[in-house]
Amino acid sequence: MDINAVTLALFLAGGLRLSVPVLLAALGELVSERAGVFTIGLEGLMLFGAVASAVGLAATGSPIAALALGMLGGLLAACVLALGTVLARANQIVMGIGFNVFALGVTSLVRQLVLVDAPPAGALRSVTMMKLPWLSDIPVLGRALFSQSPVFYFAVLLAVALWLMLRFTRLGLLLRAVGENAAAADAAGQPVLRLRFSAAVFTGLLAGLGGAYLCIVASGGTFIDNMTAGRGYLAIAIAIFARWMPLRALLVAVALGLLEALQFQGQYLGIELPAPLLMATPFAIALVAWIAMGRAGAAPADLGRPFLRGEGR
Amino acid sequence: MPAPLIELDHVSKRYPNGFLALDNVSLAFHAGEIHALLGENGAGKSTLMNILYGVHEPTEGGVLMQGREVVHRRPADAIAHGIGMVHQHFKLVMPFTVTENLALVAKGARRAALRRPADVRAFMEGYGVELDPAAVVGHLPLALQQRVEILKALVNDSRVLLLDEPSTILTPAEIENLYATLRRIRDRGTAVAVVTHNVDEVLAHVERYTVLKRGRTNGTGLIAGTTAADLVERIVGHAVANTERIGQPHTAGAERMRLAGVSLRPSSGSPGLHEVDLALHAGEVVGVAGVEGNGQTELFELLAGQRRPEAGLVQHSGPRNTVALVPQDRHHEGLSLDLSVAQNLLYPKIMRGEYHRAGLLDHRAIGKQAQAMIAEADIRTHSPASPARSLSGGNQQKIVVARAMAEAASVVVVYQPTRGLDVAAALAVLQRLATAADAGTTVVIISSNIEELIRVSDRIVVLNGGRITGELSAANASVQAIGRLMTLSQPTHSMPLEPVDA
Amino acid sequence: MPEPKRLIPDLRRLLARLSVPLSLRVTLSAFVGSLLLGLGLIACLGFPLLAAIRVAVEGAFGDTRAIADTLVFMTPRLLVALGALVAIRGGMFNLGGEGQLQMGAIGAMLPFLAFGDIGPALLPMAILCGALCGALWGVIPAVLKLWRGADEIIVTLLMNFIAIYWLKYLVQGPMRPKGSTFNMSAQLPRDGLFLPLIEGTRLHMGVILAVLITLGVWVMLQHTAFGLKLRASGQSPGFVRLQGESAGRTILTSMALSGAIGGLAGTFEVLGVQYRLIDGFSSGLGFEGLAVAFLAGLEPFGALVVSLYFGAINNAALALQSTLSIPAALADVLSGLPILLLAVISGAMLTKGRPVWTSTR
Numbered sequence: 001m002d003i004n005a006v007t008l009a010l011f012l013a014g015g016l017r018l019s020v021p022v023l024l025a026a027l028g029e030l031v032s033e034r035a036g037v038f039t040i041g042l043e044g045l046m047l048f049g050a051v052a053s054a055v056g057l058a059a060t061g062s063p064i065a066a067l068a069l070g071m072l073g074g075l076l077a078a079c080v081l082a083l084g085t086v087l088a089r090a091n092q093i094v095m096g097i098g099f100n101v102f103a104l105g106v107t108s109l110v111r112q113l114v115l116v117d118a119p120p121a122g123a124l125r126s127v128t129m130m131k132l133p134w135l136s137d138i139p140v141l142g143r144a145l146f147s148q149s150p151v152f153y154f155a156v157l158l159a160v161a162l163w164l165m166l167r168f169t170r171l172g173l174l175l176r177a178v179g180e181n182a183a184a185a186d187a188a189g190q191p192v193l194r195l196r197f198s199a200a201v202f203t204g205l206l207a208g209l210g211g212a213y214l215c216i217v218a219s220g221g222t223f224i225d226n227m228t229a230g231r232g233y234l235a236i237a238i239a240i241f242a243r244w245m246p247l248r249a250l251l252v253a254v255a256l257g258l259l260e261a262l263q264f265q266g267q268y269l270g271i272e273l274p275a276p277l278l279m280a281t282p283f284a285i286a287l288v289a290w291i292a293m294g295r296a297g298a299a300p301a302d303l304g305r306p307f308l309r310g311e312g313r
Numbered sequence: 001m002p003a004p005l006i007e008l009d010h011v012s013k014r015y016p017n018g019f020l021a022l023d024n025v026s027l028a029f030h031a032g033e034i035h036a037l038l039g040e041n042g043a044g045k046s047t048l049m050n051i052l053y054g055v056h057e058p059t060e061g062g063v064l065m066q067g068r069e070v071v072h073r074r075p076a077d078a079i080a081h082g083i084g085m086v087h088q089h090f091k092l093v094m095p096f097t098v099t100e101n102l103a104l105v106a107k108g109a110r111r112a113a114l115r116r117p118a119d120v121r122a123f124m125e126g127y128g129v130e131l132d133p134a135a136v137v138g139h140l141p142l143a144l145q146q147r148v149e150i151l152k153a154l155v156n157d158s159r160v161l162l163l164d165e166p167s168t169i170l171t172p173a174e175i176e177n178l179y180a181t182l183r184r185i186r187d188r189g190t191a192v193a194v195v196t197h198n199v200d201e202v203l204a205h206v207e208r209y210t211v212l213k214r215g216r217t218n219g220t221g222l223i224a225g226t227t228a229a230d231l232v233e234r235i236v237g238h239a240v241a242n243t244e245r246i247g248q249p250h251t252a253g254a255e256r257m258r259l260a261g262v263s264l265r266p267s268s269g270s271p272g273l274h275e276v277d278l279a280l281h282a283g284e285v286v287g288v289a290g291v292e293g294n295g296q297t298e299l300f301e302l303l304a305g306q307r308r309p310e311a312g313l314v315q316h317s318g319p320r321n322t323v324a325l326v327p328q329d330r331h332h333e334g335l336s337l338d339l340s341v342a343q344n345l346l347y348p349k350i351m352r353g354e355y356h357r358a359g360l361l362d363h364r365a366i367g368k369q370a371q372a373m374i375a376e377a378d379i380r381t382h383s384p385a386s387p388a389r390s391l392s393g394g395n396q397q398k399i400v401v402a403r404a405m406a407e408a409a410s411v412v413v414v415y416q417p418t419r420g421l422d423v424a425a426a427l428a429v430l431q432r433l434a435t436a437a438d439a440g441t442t443v444v445i446i447s448s449n450i451e452e453l454i455r456v457s458d459r460i461v462v463l464n465g466g467r468i469t470g471e472l473s474a475a476n477a478s479v480q481a482i483g484r485l486m487t488l489s490q491p492t493h494s495m496p497l498e499p500v501d502a
Numbered sequence: 001m002p003e004p005k006r007l008i009p010d011l012r013r014l015l016a017r018l019s020v021p022l023s024l025r026v027t028l029s030a031f032v033g034s035l036l037l038g039l040g041l042i043a044c045l046g047f048p049l050l051a052a053i054r055v056a057v058e059g060a061f062g063d064t065r066a067i068a069d070t071l072v073f074m075t076p077r078l079l080v081a082l083g084a085l086v087a088i089r090g091g092m093f094n095l096g097g098e099g100q101l102q103m104g105a106i107g108a109m110l111p112f113l114a115f116g117d118i119g120p121a122l123l124p125m126a127i128l129c130g131a132l133c134g135a136l137w138g139v140i141p142a143v144l145k146l147w148r149g150a151d152e153i154i155v156t157l158l159m160n161f162i163a164i165y166w167l168k169y170l171v172q173g174p175m176r177p178k179g180s181t182f183n184m185s186a187q188l189p190r191d192g193l194f195l196p197l198i199e200g201t202r203l204h205m206g207v208i209l210a211v212l213i214t215l216g217v218w219v220m221l222q223h224t225a226f227g228l229k230l231r232a233s234g235q236s237p238g239f240v241r242l243q244g245e246s247a248g249r250t251i252l253t254s255m256a257l258s259g260a261i262g263g264l265a266g267t268f269e270v271l272g273v274q275y276r277l278i279d280g281f282s283s284g285l286g287f288e289g290l291a292v293a294f295l296a297g298l299e300p301f302g303a304l305v306v307s308l309y310f311g312a313i314n315n316a317a318l319a320l321q322s323t324l325s326i327p328a329a330l331a332d333v334l335s336g337l338p339i340l341l342l343a344v345i346s347g348a349m350l351t352k353g354r355p356v357w358t359s360t361r
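For the record, the sequence lines run as chains A, B and C.
Take 1 as the starting number for the first sequence in UniProt numbering and just add one per residue.
Take 1 as the starting number for the second sequence in UniProt numbering and just add one per residue.
Take 1 as the starting number for the third sequence in UniProt numbering and just add one per residue.
Do not take every clue at face value.
Stated by the list, open to error - In silico DMTMM-like pairs for lysine to aspartate or glutamate, Cα to Cα no more than 20 Å straight-line:
id : chain 1 : residue 1 : chain 2 : residue 2
1  : C       : K168      : A       : D117
2  : C       : K168      : A       : D225
3  : B       : K213      : B       : D378
4  : B       : K349      : C       : E245
5  : B       : K213      : B       : D187
Keep in mind that the hints were calculated from the coordinates and are not lab data.
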């Protein structure tokens with residue numbers, strides 16, 4: 001393999017690695033938005049997932065348990081958030097902004113109180129690298145696509161699964177109905193609030209895993225304050241730009257991940273941009289895409305609208 | 001007579017805002033019968049339907065099914081008891097296909113039985129409906145959307161089918177079609193209940209009727225043995241409490257504005273407008289009567305210049321007309337509730353740069369002028385600086401009217417000006433409008449209150465199904481004549497300008 | 001103007017109600033509740049509760065220096081909140097306070113980097129330039145909304161991060177003095193720029209200016225025709241539309257003003273606290289400012305009170321950290337908690353038939 005192929009493989013692999021947390025969070029966001037719940041608190045959910053996984057790693061030493069705990073952390077935090085946005089029918093944006101400030105504080109507090117004497121992370125290879133037999137031997141692609149973290153494979157499979165779920169299953173039908181017209185779903189005898197709550201909690205699960213990946217897989221098990229650095233907001237933009245379609249979200253997240261990877265491998269590929277500008281590009285591209293979309297609409301019609309029977313349409 | 005399938009047992013409903021929508025109503029629907037619920041706006045028809053379907057819970061009384069008390073806390077409970085409902089504003093998921101909308105409500109075995117498109121097609125054909133199961137509902141014409149809404153209500157083999165104002169948005173031919181479908185459903189042993197305001201539709205298609213008036217039952221019985229006159233009287237009431245004219249009769253001056261063959265497409269819950277011709281003259285009060293949701297909103301928006309007609313013309317004759325508006329929704333359009341009374345009264349003037357001192361608002365001058373307007377319009381408020389929200393409905397409405405009057409516009413368009421007002425407040429508002437016409441202003445009053453229209457208008461046109469179904473001069477107008485025009489669905493294009501029935 | 005994207009349809013209706021101040025009792029109970037939870041947390045973690053309270057109160061208000069620090073902490077939060085409330089009262093959900101703050105900070109440095117130390121003119125130039133940069137960052141979402149119908153919620157959120165990374169880039173590259181290895185710009189000349197008002201404290205002129213701006217925003221909202229139109233547009237867009245007024249100019253002006261005020265938050269941090277542009281000087285100040293605006297019911301003087309509370313909490317948290325080793329992140333917890341409690345409390349009101357964020361008057 002010549003040097004260019006190696007560089008290319010590294011670049012691709014890096015891009016895919018970087019795309020995982022945003023992809024997971026975006027998939028979660030699009031599920032809750034499909035059900036009509038705008039989860040601005042996604043950033044906070046990821047932080048909770050990250051810190052929970054760090055605690056899990058410190059406590060058990062097992063990176064797999066850490067990831068599981070990250071999901072659990074995101075899930076529990078999402079329960080709190082959904083209590084306000086779904087059940088109490090609070091303003092979803094106000095609640096989300098408050099939640100993110102709160103999450104920033106709580107996770108940092110946990111780091112200083114619980115993680116301060118955390119033992120150095122042991123072997124993380126079980127979650128950082130899983131070479132798929134045979135496939136990983138394919139030149140370039142093998143290294144790029146098939147020598148990734150198991151979480152990456154999971155995220156890709158999940159995107160496909162969510163696509164199938166939303167499109168072909170009864171659960172998907174119900175979730176979409178609740179987001180498009182909650183009153184109609186209610187009139188059809190469907191439990192609107194239960195469905196929305198479940199969707200919001202599922203978002204927490206995925207955002208939690210995204211945060212856990214960031215902490216365990218991408219940062220060697222160390223939690224850093226505000227380590228999500230806006231990825232939650234970026235994921236919201238991706239979910240919208242992908243028009244709430246999981247496979248599109250996969251493509252968009254990977255594209256943005258590759259862009260971000262340019263900061264590490266860019267110079268070998270002959271592209272030299274300062275790292276902060278490269279970090280800004282996903283946001284800028286999401287912004288341009290959002291503007292270019294014009295009023296393409298297609299947003300779930302009841303997105304952001306709390307449901308109360310007998311009110312509204 | 002067999003025992004009723006479903007009954008309302010002494011039901012009352014009081015909304016959180018204190019409005020008593022139903023007052024001790026008892027009512028029974030029988031299997032194999034189409035039962036019409038008649039009444040004016042606010043008579044409680046929709047509330048009744050919503051209680052049966054579990055959207056609202058009754059404040060008092062209960063629902064019986066085959067003699068046993070049932071509690072419907074949510075639509076799911078009603079569905080489980082075999083009740084289906086067709087809502088006035090369709091509860092359809094527009095981006096979904098016909099099949100998906102049906103699947104949303106289908107339960108258990110029926111859901112499995114509707115898996116293949118052919119099954120769905122067969123199910124629909126059982127009710128005489130031919131539709132592509134894969135069609136996106138939002139792309140269907142309204143009449144077909146309604147068919148989907150009906151099928152949706154029937155998917156679980158409902159024993160009771162409720163329909164809220166299904167005929168408003170339909171053309172006469174489509175109404176025939178609708179009842180053909182309903183008869184088919186009835187013949188399967190289903191109890192069908194239809195909310196409507198159209199008397200002739202009831203006479204032609206229905207077995208039994210109940211009239212609701214201000215939340216109470218005002219007559220019920222078999223259609224055989226009743227007459228149109230009898231039903232209209234029950235709906236609009238018999239004795240007119242007060243026929244005393246408000247303001248002087250006016251002689252119309254020069255033409256100011258004309259709608260010529262104006263049309264707007266129907267939409268969910270509204271029939272749009274169909275070839276409406278209407279001329280407006282200086283110094284007259286024109287009343288537009290009709291049951292709400294028959295094109296009034298569209299007419300208001302056209303006159304206000306907020307919408308353009310899809311066909312036909314809105315012509316202004318002579319010098320440029322200015323139009324002042326009193327919208328129907330005073331809480332969202334008539335007022336900005338958190339601004340003060342004075343700011344609401346003088347908003348247009350302030351925005352034109354009046355009442356400023358040293359670049360800031362001259363609160364003293366605003367207060368003084370507002371005080372004068374408050375005195376003149378007899379607005380009861382603690383002070384001009386109180387937020388408009390703190391006033392009673394009647395006084396809020398007086399603000400909106402006073403502001404429109406202060407604009408000294410050549411045309412004033414008023415939509416439901418007395419809704420929710422007590423007698424004295426309503427009289428004051430109408431008096432004010434009559435005075436404006438004395439001074440040469442064209443006043444258009446769109447209202448579903450026939451009595452007050454007769455008292456204040458110089459002539460009255462009636463809107464029904466988006467068409468003008470008749471015009472009466474003040475001298476010849478009677479509640480019965482207008483009530484008939486409002487509640488008979490066949491439009492008579494050759495309607496004479498003379499009263500239908502003196 | 002193209003139809004705005006119906007992304008968040010009825011949040012806008014709820015938003016209109018936001019501008020009606022919450023009943024004081026509900027708001028206070030949220031604050032008291034969050035404080036009690038905070039104290040409970042301190043106790044649970046095994047810290048001496050009474051000592052912690054004493055340290056916190058003294059840390060925030062104990063002496064001139066403590067009070068000065070509290071006010072310095074208050075200032076950026078207050079300004080971001082004022083900027084946010086100007087836009088939100090007018091119906092634009094400007095969540096871009098963080099980005100506008102970053103741009104304001106960059107703007108504050110520009111005159112000095114361009115012209116060097118040019119004496120007394122530098123201060124007004126820095127302030128003006130900071131406000132302009134913030135205003136520019138605020139106007140962009142307004143233009144995009146009017147031109148393309150792009151929902152400002154997403155635009156402002158994304159622009160926050162573009163601004164953050166832009167500043168990071170500037171201090172790592174173009175603005176970094178030659179030979180320096182730190183990610184920060186050169187230092188402003190301290191003379192003539194926001195001198196400490198009281199010797200030995202950090203109290204700077206920005207604090208006074210922020211209070212004056214609070215007054216100005218209040219005057220604008222309550223005593224000018226523009227303020228009247230702004231409030232009417234936010235609360236009752238249907239009313240304004242029926243009055244035949246276009247929303248475009250109101251949206252542009254309010255967003256420019258909002259951005260300028262938000263920008264000054266960053267400007268004053270540079271001129272009064274950091275004296276230079278430095279990466280990460282704002283640890284989420286923009287979002288905290290938003291929380292302040294919401295908690296204040298979008299009232300300027302309410303924002304003054306709430307931001308003072310937030311300033312005190314942050315200052316007290318530092319004192320707690322240095323004397324009792326209680327992590328200062330407690331401040332963020334206590335900043336986020338009231339809004340969560342409030343959202344749940346007032347949201348719950350809706351289920352009892354009362355609208356969200358309504359007043360009891």
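### Task
Assess, step by step, whether the Cα of K213/B is no farther than 20 Å from the Cα of D378/B, and give holds or violated.
violated (32 Å)
### Query
Do the alpha carbons of K168/C and D117/A lie within 20 Å of each other, as the hint requires?
violated (31 Å)
### Query
Given the hint that K168/C pairs with D225/A, does the C-alpha gap stay at or below 20 Å?
Distance ~17 Å between K168/C and D225/A Cα, so the pair holds.
### Query
CA of K213/B to CA of D187/B, is that 20 Å or under?
violated (30 Å)
### Query
Straight-line Cα separation of K349/B and E245/C no greater than 20 Å?
holds (13 Å)
Of the hints listed earlier, those the structure fails to meet are numbers 1, 3, 5, in rising order.
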